[in-house]
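> Listed here are the chains, written in short residue letters.
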Amino acid sequence: MIKTEQLVHDYEVRDDEGNVSGTVRAVDGVSLDVQPGEFIAVLGHNGSGKSTLAKHLNALLYPTEGAVWVDGMKTDDDLKLWTIRQEAGMIFQNPDNQIIGQVVEEDVGFGPENLGVPTAEIWERVEEALKTVGMWEFRKKSPNRLSGGQKQRVSIAGVIAMHPKCIIMDEPTAMLDPGGRHEVIRAARALNDVEKITIILITHHMEEAIYADHIFVMDEGKIALQGTPREVFAHVEEMQQLHLDVPKVTLLAHELRKSGIPLPEGILTKEELAQALGLSGVSDAQDR
Amino acid sequence: MFDGVTIGQYYQTDSVLHRLDPRVKLIGTFVYIISLFIVNTWIGYLAAAVFVAVLITLSHVPFGFIMRGMKPILLILLITVVFNLFLTPGTTLVSFWKLTITYEGLDFATKMAVRLIFLIIGSSLMTLTTTPNQLTDALESVMGPLKKLHVPVHEISMMMSIALRFIPILMEETDKIMKAQIARGADFESKNLMKKIRSLVPLLVPLFVSAFRRANDLAMAMEARCYKGGEGRTKMKPLVYRTGDYTAYGVLAAYAAVCVVLRAAGI
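Heads up: the sequence lines are chains X and F, in that order.
Going by our numbering, the residue at position 101 of the first sequence is 101; the numbering climbs one at a time, nothing skipped.
Going by our numbering, the residue at position 202 of the second sequence is 202; the numbering climbs one at a time, nothing skipped.
You may find that some hints are simply not true.
Pairs of lysine-lysine, BS3-like flavour, derived with a Cα cap of 27 Å [to be verified]:
| hint | chain 1 | residue 1 | chain 2 | residue 2 |
| --- | --- | --- | --- | --- |
| 1 | F | Lys237 | X | Lys141 |
| 2 | X | Lys74 | X | Lys55 |
| 3 | X | Lys165 | F | Lys235 |
| 4 | X | Lys131 | F | Lys179 |
In short, the hints are calculated from the structure, not lab data.
Since the model is a prediction, treat every value here as computed from it, not as a measurement.
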């Protein structure tokens, strides 16, 4: 679905007069291959190049070196630009700055309008998209009156209405409260499960990454670690060196193992830990 | 900060006027404003008054609500009237101290006041019954022919609707920055004009920075959703004329004709 090969991106650094005084390498030789229908998480601390990578995946930025393919189309092919952007939708961090319409339904219709979809079909797509994210009853509301999580779900609906094959989410939960975060991640997982849309979730909340099929951990523009959540989070020390946390439960299991309790590596959920410790009936009441 | 300014604010209710195609209302407002300058007799103003009174009744907007919107205009109105009243030369009506009111001045001032009041009522009636969205759509459609003259009609209306969308967001942000500055000891309450102006600097600078950042984000989000200008775009809510709209155009034409006849006949 999405493939990058030795992707390099340099940002130009300008001095006070606006002359190029140097370059900063934000992405440095990243190669990855995402299969259709996968749920991918990209982790990394601030400045690790994960957002820059995301912007390459729907041709908002072009590679300095290397190449990116979306569904077999190379992103620097100008003729394919709009097809690429339709197939690979993008959700950004700040929900306020990506909603264009003054009414929820109009915002969702913005993408299809740009694609030149006939009026009757726009309405069908808007209804379908809003129902998918559970925002149908808010269709006549002003986006300003919604909560952060709801706004982000409207943004997701706006992308779904364009019928993408893949959605790239660039830290969609960074500005949300825990409730909103939960809403957005649930919507993303539902899209992946039910609609089989490929999801690339960029985040620094480790708990959101445990549902992924595959995790890429980025550091200084390179992929530092990759694998299934279980494989990646087994490397507790490496993750800490990269200034990243592992899920709290994984950390607890790791510490317990270090102090001599026999536990397997890469425990991701409370239930797994309880099972491994031979406990049962652990209450779910103190859920995060 | 802007509480109580009702002029131009959409009044949500259901009425014939609300359901009318926004293009009819936009053109109607223009015709009405022009008509106010065509007629120049009291009978003419009576016609304009009857016309606008019927429209207000049809709009279901409370008269008091419209009048409240007039408050901020009152001062301008007063100044206009006073200047016209005292500074128009002609036959003296009353004279005291150094001021004289002439017959012509009185006539001119009252007519000017009536004209301005009707003008404001007429145009606020449009914005009271039309959502900003419909208005930008109408503007884009009415200005459509200007595209041939390379006027970026679509871009103008897109800019307007984005501006409207961001007004509440930026207001909220202003409030937030203000509170943050107050918490650090900034003084926004000072009566001293110089101090007041100076206190705006730490307010405006962060506001501008954030507005530019938002603009950058929004542009990227629009591009990511395949926005490429007005070319090849379809409409989710296209404007379609219905029978009622044609009737409205008919009524409008009749009113305009009456005004022209009144002017020509000189009554």
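> Measure nothing beyond the straight line between the CA atoms of Lys165 (chain X) and Lys235 (chain F); if it is 27 Å or shorter, mark the hint as holding.
holds, 24 Å
> Would you mind confirming whether the straight-line C-alpha gap from Lys131 (chain X) to Lys179 (chain F) stays at or under 27 Å?
At roughly 39 Å apart (the allowed maximum being 27 Å), Lys179 (chain F) and Lys131 (chain X) break the hint.
> Taken at face value, is the distance from the CA of Lys55 (chain X) to the CA of Lys74 (chain X) at most 27 Å?
holds, 14 Å
> Given the proposed pairing of Lys237 (chain F) with Lys141 (chain X), does the C-alpha separation stay at or below 27 Å?
Distance of about 16 Å is within 27 Å: holds.
Consistency with the previously given hints fails for number 4 only.
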